[in-house]
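**Student:** Protein chains in written order, with this note's numbering: chain A, 1 to 351; chain B, 1001 to 1619.
No lab work stands behind these hints, which were simulated from the structure alone.
Treat the hints with caution; some may be incorrect.
[Unchecked claim] Below, computed lysine to aspartate or glutamate pairings styled on EDC-like, alpha-carbon distance capped at 20 Å:
#: 1; chain 1: B; residue 1: Lys1262; chain 2: A; residue 2: Asp325
#: 2; chain 1: B; residue 1: Lys1262; chain 2: A; residue 2: Glu316
#: 3; chain 1: B; residue 1: Lys1248; chain 2: B; residue 2: Asp1271
[Said to hold, decoys possible] What the simulated footprint calls covered on chain A by chain B, stretch by stretch (three residues with Cβ under 8 Å from a Cβ of chain B suffice, anywhere in the stretch; the number is not a length):
#: 4; region: 10-19
#: 5; region: 79-87
#: 6; region: 99-107
#: 7; region: 120-130
#: 8; region: 312-324
[To be verified] Counterexamples of contact, computed for chain B against chain A with all Cβ distances above 12 Å:
#: 9; residue: Pro1109
#: 10; residue: Glu1130
#: 11; residue: Tyr1169
#: 12; residue: Leu1222
#: 13; residue: Val1231
#: 14; residue: Ala1256
#: 15; residue: Leu1273
#: 16; residue: Thr1313
#: 17; residue: Gln1405
#: 18; residue: Arg1484
#: 19; residue: Ile1497
#: 20; residue: Glu1548
#: 21; residue: Ala1597
#: 22; residue: Ala1606
Glycine included, each C-beta is placed from N, C-alpha and C at the ideal position.
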Amino acid sequence: MTFMAKPKVAHPELPRNALGLTRRDYEGSNSTLCAGCGHDSITASIVEACWANALQPQNLVKLSGIGCSSKTTAYFVSGAHGFNSVHGRMPSVATGANAANRKLHYIGVSGDGDTLSIGLGQFIHAIRRNLNMVYIIENNGVYGLTKGQFSASADVGTKAKKGEVNSQPPIDPVQLALTLGASFVARSFSGDKAQLVPLIQAAMHHQGFALIDVLSPCVTFNDHEGSTRSYAYSREHYHEAVHTDFVAPAGQISVSYAAGEALPVTLHDGSCVMLRKVDASFDATNRGTALARIRERLRDNEYLTGLLHVSDSQAEFHDLNRTPDEALNQIPYAQLNPGSAALAKVLARFR
Amino acid sequence: MPPKAAPERVNDFVIKIGTVNGTGSASANGLLMKAVFRSGVPVVGKNYFPSNIQGAPTWYEIRVTRAGYRARAGQVDIMVALNPESYARDLQEVVSGGYFVYDCTWPRPALLRRDDVTVLGVPLARLCNENFQGVRTRILMKNICYAGVLAALCDLDLDVIRGLLAETYAKKPQLVESNMKAIQLGYDYARKAFDCPLPLRVAKLDATKGHIIIDGNTAAGLGCVYAGATVGAWYPITPSTSLMDAYKSFAERLRATPDGRKNYVMIQAEDELASIGMVIGANWNGARAFTATSGPGISLMQEFLGLGYYTETPAVVFDVQRVGPSTGMPTRTQQSDLRSAAYASHGDTRHVCLYPANPEECFYFAATAFDLADRLQTPVLVLSDLDIGMNDWMCPDLKWDENYQPDRGKLLDAEQLSKIDKFWRYYDHDDDGIPQRTLPGVSAKGAWFARGSGHTQYGAYTEDSRDYQIVLDRLRKKWITASRLVPKAIIENSAPIEGEGNGTNELAIVTVGSGDAPVREAIDRLRAQGVAVDYMRVRGFPFGEEVETFLNAHKTSFIVEQNRDAQLRALLLLETGVEKGRMRSILHYNGMPLAAAYVVDGVMAAVQDRARPAAQLVR
Chain A
1 MTFMAKPKVA HPELPRNALG LTRRDYEGSN STLCAGCGHD SITASIVEAC
51 WANALQPQNL VKLSGIGCSS KTTAYFVSGA HGFNSVHGRM PSVATGANAA
101 NRKLHYIGVS GDGDTLSIGL GQFIHAIRRN LNMVYIIENN GVYGLTKGQF
151 SASADVGTKA KKGEVNSQPP IDPVQLALTL GASFVARSFS GDKAQLVPLI
201 QAAMHHQGFA LIDVLSPCVT FNDHEGSTRS YAYSREHYHE AVHTDFVAPA
251 GQISVSYAAG EALPVTLHDG SCVMLRKVDA SFDATNRGTA LARIRERLRD
301 NEYLTGLLHV SDSQAEFHDL NRTPDEALNQ IPYAQLNPGS AALAKVLARF
351 R
Chain B
1001 MPPKAAPERV NDFVIKIGTV NGTGSASANG LLMKAVFRSG VPVVGKNYFP
1051 SNIQGAPTWY EIRVTRAGYR ARAGQVDIMV ALNPESYARD LQEVVSGGYF
1101 VYDCTWPRPA LLRRDDVTVL GVPLARLCNE NFQGVRTRIL MKNICYAGVL
1151 AALCDLDLDV IRGLLAETYA KKPQLVESNM KAIQLGYDYA RKAFDCPLPL
1201 RVAKLDATKG HIIIDGNTAA GLGCVYAGAT VGAWYPITPS TSLMDAYKSF
1251 AERLRATPDG RKNYVMIQAE DELASIGMVI GANWNGARAF TATSGPGISL
1301 MQEFLGLGYY TETPAVVFDV QRVGPSTGMP TRTQQSDLRS AAYASHGDTR
1351 HVCLYPANPE ECFYFAATAF DLADRLQTPV LVLSDLDIGM NDWMCPDLKW
1401 DENYQPDRGK LLDAEQLSKI DKFWRYYDHD DDGIPQRTLP GVSAKGAWFA
1451 RGSGHTQYGA YTEDSRDYQI VLDRLRKKWI TASRLVPKAI IENSAPIEGE
1501 GNGTNELAIV TVGSGDAPVR EAIDRLRAQG VAVDYMRVRG FPFGEEVETF
1551 LNAHKTSFIV EQNRDAQLRA LLLLETGVEK GRMRSILHYN GMPLAAAYVV
1601 DGVMAAVQDR ARPAAQLVR
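Okay, chain B solo, but in the shape it has when bound (with noise of 0.2 Å):
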């Protein structure tokens, strides 16, 4: 008995393609999501990847999104397995009603049985042997040709696709025709096998004008070319290096000079330990310079990060977040450095963290770290993960303000320090907790020397207790200063349900980074169920006065994070006043990214079972 067909779903469905990585499938997942996004469909792009160059079971998943939604959708509609090693489990994944389509030239009909799921079989090895010559470009065609399947399935437009296809083989025009040819195979299987298109089909809207398809990476690396940065020094490490990458072909364009030098530099350095000195090297010497790493990365900069944070010399580091403890899962998401980051390296040391959600966040919070960086004379990490660094967001279309100036912080040049009598570098002529600063080259008169052992507030070294606490001390300050410098939080206040309450909620989700997304989708679903919540997603650390408000005036703050140890709650138990009862935790941390289902469940237990001791509740 065929399964009951689905009620039509337009643009709102989730297809997921199961392949062997490193058999070239990128580009037709990539092909598939852009032919959405010109259909003027918002899309979410996705990629479950091993760690692992060739051979392994790897997906890619496409949610259609009418609503516009940035988070993964949390369940299958439509599976394409091309991985026979994985078909069992991806049967199992795709939702009741849902579809399978696989590959039957090779029929598995025993093992391939679910009554609620539509099983499709497209013989595309055999389509693509009778088609194409030599194996590689078979397996390549493979991959084509579903494309082709979906496109009849899900009512894609032809011609959207051969766009695409000539903007990408602009150069090699004969590579447009054969990949048409192999569209056109499975688009005309497909059509002539089944019924199409599915009822879960694209139907074009109006929706994606003015936004880009782009990874946090990316937009990173485009960022520090837009903010200036002279210097990229860093250690390959997944998933940061795409950032470096980025940054290398994006100013290999923008910044050659008409005599073909470069007006940067990169460095592949022999460790982390390495680059994170040659970017403290650097900006100590005056230029922006930057790496990027993940948390194994954290772990050995950390002398470094305390030598930047005492001897106060600027350095921005990105931390694309993955899975830990220790190696963990490379090519799996989690927010692990939270804690790590904020407090890396012995003794009171202590970090400005910036927290980006999307890959616009990631282009702008460049220019911001160094402004900070600067202006505080401290290591600035931006604490990006491995869902925003590396996965296919749809964003706002990036925009640069052309009156945009670094932002140096109080740097004295020659002629200042001409009209001063004597330069002490660590004093707090402001009252601010940031002292002056000068560079290198510049005057003997602003020489100082920058030393990790006790100094004086003149610069001295010290072993004097009182002179050796005024430093401290002064250090305090500033970090007071930069809890007012850092981006603030996000805070939204929904309006509460009629009838419910005295006029303001009780109920709050907090949360931070790549968290956004599926919060807010979340939030609307609660709403959707009778349950109005508020808002706050924290961007910056210290932590403004702002969170500290916010959460004393909800009597529950649900505080949904991407690992196991509640680190940020951790850090606002740690870093403000508000009493632990008030949070509760949402912890999520098998590596995948966060869906907006899993934060509806957590809420609506609690909001549920109100009788349940708190203790109980959290963690």
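The following block holds chain A by itself, in its conformation from the complex (with noise of 0.2 Å):
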């Protein structure tokens, strides 16, 4: 329970960060999802994403709205400050929190039905602002804490845990999120972590939104026979299109690339992102003929996976509304404070 202090026992040769952290600076409080959830592994791989960016645990901002993908945030960084909001609202709270400090790191947990059906207009209104902020959408087609209703991801003709079968068109927030026009857009699977890790490093030092799909099975609700989003159907049915490496800034490229097997993508703070090529005919940095050939796999029932777009040329938020460099939250009063002589001048207006 989340009430539980987890016991911290740090192993005198456990690997540090540059900042001199362990992994286990980067763990939250324990789980009170099921065994075996989806979720879990995600919450693993923010905890190696954050540990491996070095990033200070106070500069996080966790944020969520209702559900298991959303209790999530207590799982990691207990060092971070974290708002579990309202159902399908957490966009508009990050938005806010954002706005008034642009200094910190914001991730956002979120679920396919706090996302697509709740939060539906709160997800788009954050990406059309490209608020600078990772949201991370722990997909799995179902509404677990009432006991296995279907969400408005579930794929036609996937069949309930008490048979009924779905068939309504899944509402799919990749081809959403490239539509209107996120400046990174990536999907993923929580059984992956050597994918999903880089994906998280790279979304973190991204500047805008930076949305990773990661199709995270239910194994109480819809982890059996007949379901599009088991482990056993997910693994079957996962493609990836493109490998992302993740290189920090002034990092060295460590890996050897054969020549035109990787494209590089330097993000604004000079990290880059090593596009590695798994299908050919994929081109993560056109929109659309990303957006083609997701479709295109689609209805063969196949997820391509990876970082499905990044164009780091967008102007963020804080860009786009020309506040300072440094946090509003920051200024001081003497600054924010007209006086009483500039008072003075504006009551001329009203006499």
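Please assemble the complex out of the two chains, which come individually in their own frames, going by the hints.
**Tutor:** Below, the structure written as structure tokens:
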């Protein structure tokens, strides 16, 4: 349970990052999710990515809505502030928090119900504002906490645990984000940590809205025969289009790539994502062809995964609003107060 | 037979102008009102406009009030009717002995017949068609032309009007001349055709010095700039939109940095659910953030307001109330959200509310609201209304105390955190129900997890009955603390009428917000009729002790408010121990601003008929 403190036993030889912190320093309280839940694997990937990025724990801000996925923000980086808000409304809380302090890193964790049903409006408007945050959807196609109803991401023909078959078409957050102009769009699978960790690392360095839709099987309500979101089905229909390696700013590119095999994309802070093509016909820097390719594969019930689109030239929320480089919540009142002399001048207009 | 000439009433009469909305009459009406104000005579400007962009009837009412009353008069002495669609009802509204001015380019002798009203025809359209070119110019100049007619009828100083035009069109001097030409056309026609000035006229006084004319939304927007707000998130809704517009325009001017950046951010949200979410997120992260909305927005914000209450996150919400239920009448005024704001959201949720009565209080209450929100770590709702927010009020000059420093409450910084053993978010260290708070990004030691689900006093998730209840009971204690911190009720006791009672008054009037102006005027009139009443205006919720003490000290308190269901009285019944029979309602809820006469009639009806059982008088 979340109120149980996790025992902190640090082995002296645990590897340390640039801040001298171990992975244990990025953990949170114990998960209360079902044993084998895909969400817990995602939590582990977030811990790994934050550690690998050598993020100061207090410089992370964790935001979530309501649902199984939204509970997970308590399970990583306990040294960071978290806000578990109301159902589907995490993006607005993130927008306000980000407006107040642009200096911190914002990570939102949501689910398919939280994002694609009750929260669809706020989700797309956060994309539209190009809010500088990482937005992870832990997508299991089902409502877990209320015991197994279909979500808006359930595939046509997928079968619920009690046998009902879904007939409504799914809302795909990846296609939605691409059509709305999102600047960083990725899909992954909770069971593929090797793919997911560098994606989260890169998303945290990306300046703007970074969406990672993570297929994450629900072991209790959506892991049976006939479900299109089970572990077995996901592994079988999951198709990596592009593999991402993340290279920190001023980091050495230690992996060697054959010429033409990898495409480096440099992010605003000098960090770099190396896109290694697995599928030769895929171009992640071209929104239109990426979208076409995702659709084509979906017709064959294949989920294309990896960093599906990235463009680092779009102005993010604060740039669009021309706020100062410093955080708004750090500006001393003396600079915000126009003073009584200015007030006297203002009043002249009202005489 | 011409109507009997009205007795002379200098500086005490009402002009109402009926036009078609979207024709640009606002500038002419503003010019007239300002001309009276610049003549040193107190004035009230009320705008009765439709929820429409163009083509519907609209009115502007100017009350010239020597006594400096701030409410609507409730009668019309001079009607300027420029909208044939509303001629009939406009004529009906004129008080006996009054005047009706209309555009006689198209004469309507049969329709406009009232023996006790003087009808004055001015061929406004013909004058403007003969003297100006272009359709739009002719329409605009027709408005300015009636301002000239009124200047002649009411003896306004043309130099004052010229001065105002010169200021308005400082950057386009050619417009000063064309506008003055239209003024002069109307002025000269009226002087020639009628016996000017009328007995209802303006004579210069010196009673407006140190005052401004401002609406409550503008004052509140300015107040937010001075209070140090840096984040404004909103979804447009009448009648609150101009508050955000004002904040934006003042911030643009007063908050720009030398390098062209802005020390604030305005976010037009996708809906009110998002705007309050943004406000809560920004305040949680240490910015002073606010929103402005009206009743329907408050309904949409309920869930988040409950989250703000339970996670103990500051937020400031200006609710410029309008007529409900549902969409109601968006451009009409009411005190419709007193109850829904106080208890917005499910569960045992309650909110600190402030009730400004006029634009100057809208200005000062902005900083009060942010200070209370930070100090008490809870949403604060400022309940203005359309009458305060969008009408033109004469106010004492706004002042700013140079020594003001925002009260950020119990906000621990990194140094304070380093000195404590452990940070417990919801622990009552000071026995006032207010816990300590930290901001993201300051120190990992101060990290905590905000959640709308059950939590312990240490900030952890809980489903334990006792742990849950400890936090809920502390919130109740904080509420008691809040009752001591909100602005005190204004209480003014009147001297008893000689020979009546035993040295104190039995009767009182209690009101809230924009009830202030008409009730004060009513108290003067009641006194002239031999009835002395004491006065209380509540300004904050939870009610302070003084509210209950006052009510218990009077045999009967008339609770004057602008809604059907006696919402203030309901709050007083729920939140004080005062017995029901002591409070009698006087309710006004037709959407027009309250006038003193309605209050006087309500009190007199009760006073003159004491034999009637109380139950009949209580609604």
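**Student:** Verify this label for me: Ile1497 (chain B) is non-interface relative to chain A, using a Cβ-Cβ cutoff of 12 Å.
**Tutor:** Holds, since 40 Å exceeds 12 Å.
**Student:** Can you confirm whether chain B covers the region 312-324 of chain A, using C-beta to C-beta distances below 8 Å and requiring at least three such residues?
**Tutor:** This one holds; 5 residues, not fewer than the three required, reach chain B with a Cβ under 8 Å.
**Student:** Please confirm whether Tyr1169 (chain B) is truly not at the interface, meaning its C-beta sits more than 12 Å away from all C-beta atoms of chain A.
**Tutor:** The assertion about Tyr1169 (chain B) holds, with a minimum of 14 Å to chain A.
**Student:** Taking the minimum C-beta separation from Arg1484 (chain B) to chain A, is that value above 12 Å?
**Tutor:** 25 Å, holds
**Student:** Hint check: Lys1262 (chain B) vs Glu316 (chain A), CA-CA at most 20 Å. Holds or violated?
**Tutor:** 15 Å, holds
**Student:** May I ask you to check that Thr1313 (chain B) keeps its beta-carbon over 12 Å from the closest beta-carbon of chain A?
**Tutor:** For Thr1313 (chain B), whose nearest Cβ neighbour in chain A is about 9 Å away, the distance does not exceed 12 Å, so it is violated.
**Student:** When you look at the beta carbon of Ala1597 (chain B), is every beta carbon of chain A farther off than 12 Å?
**Tutor:** 29 Å, holds
**Student:** Is Ala1606 (chain B) truly not at the interface, in the sense that its beta carbon sits beyond 12 Å from all beta carbons of chain A?
**Tutor:** 40 Å, holds
**Student:** Quick one: work out the minimum CB distance from Glu1548 (chain B) to chain A and report holds if it exceeds 12 Å, violated otherwise.
**Tutor:** Check passes; 35 Å lies beyond 12 Å.
**Student:** Does the claim that Leu1273 (chain B) lies off the interface hold, with its Cβ farther than 12 Å from every Cβ of chain A?
**Tutor:** Since the minimum Cβ distance to chain A is about 6 Å, Leu1273 (chain B) lies within 12 Å and the statement is violated.
**Student:** Counting residues of the region 10-19 of chain A that have a beta-carbon nearer than 8 Å to any beta-carbon of chain B, does the count reach 3?
**Tutor:** violated (count 0)
**Student:** Do the alpha carbons of Lys1262 (chain B) and Asp325 (chain A) lie within 20 Å of each other, as the hint requires?
**Tutor:** 10 Å, holds
The structure fails hints 4, 12, 13, 14, 15, 16 and 17 (numbered hints given earlier, in ascending order).
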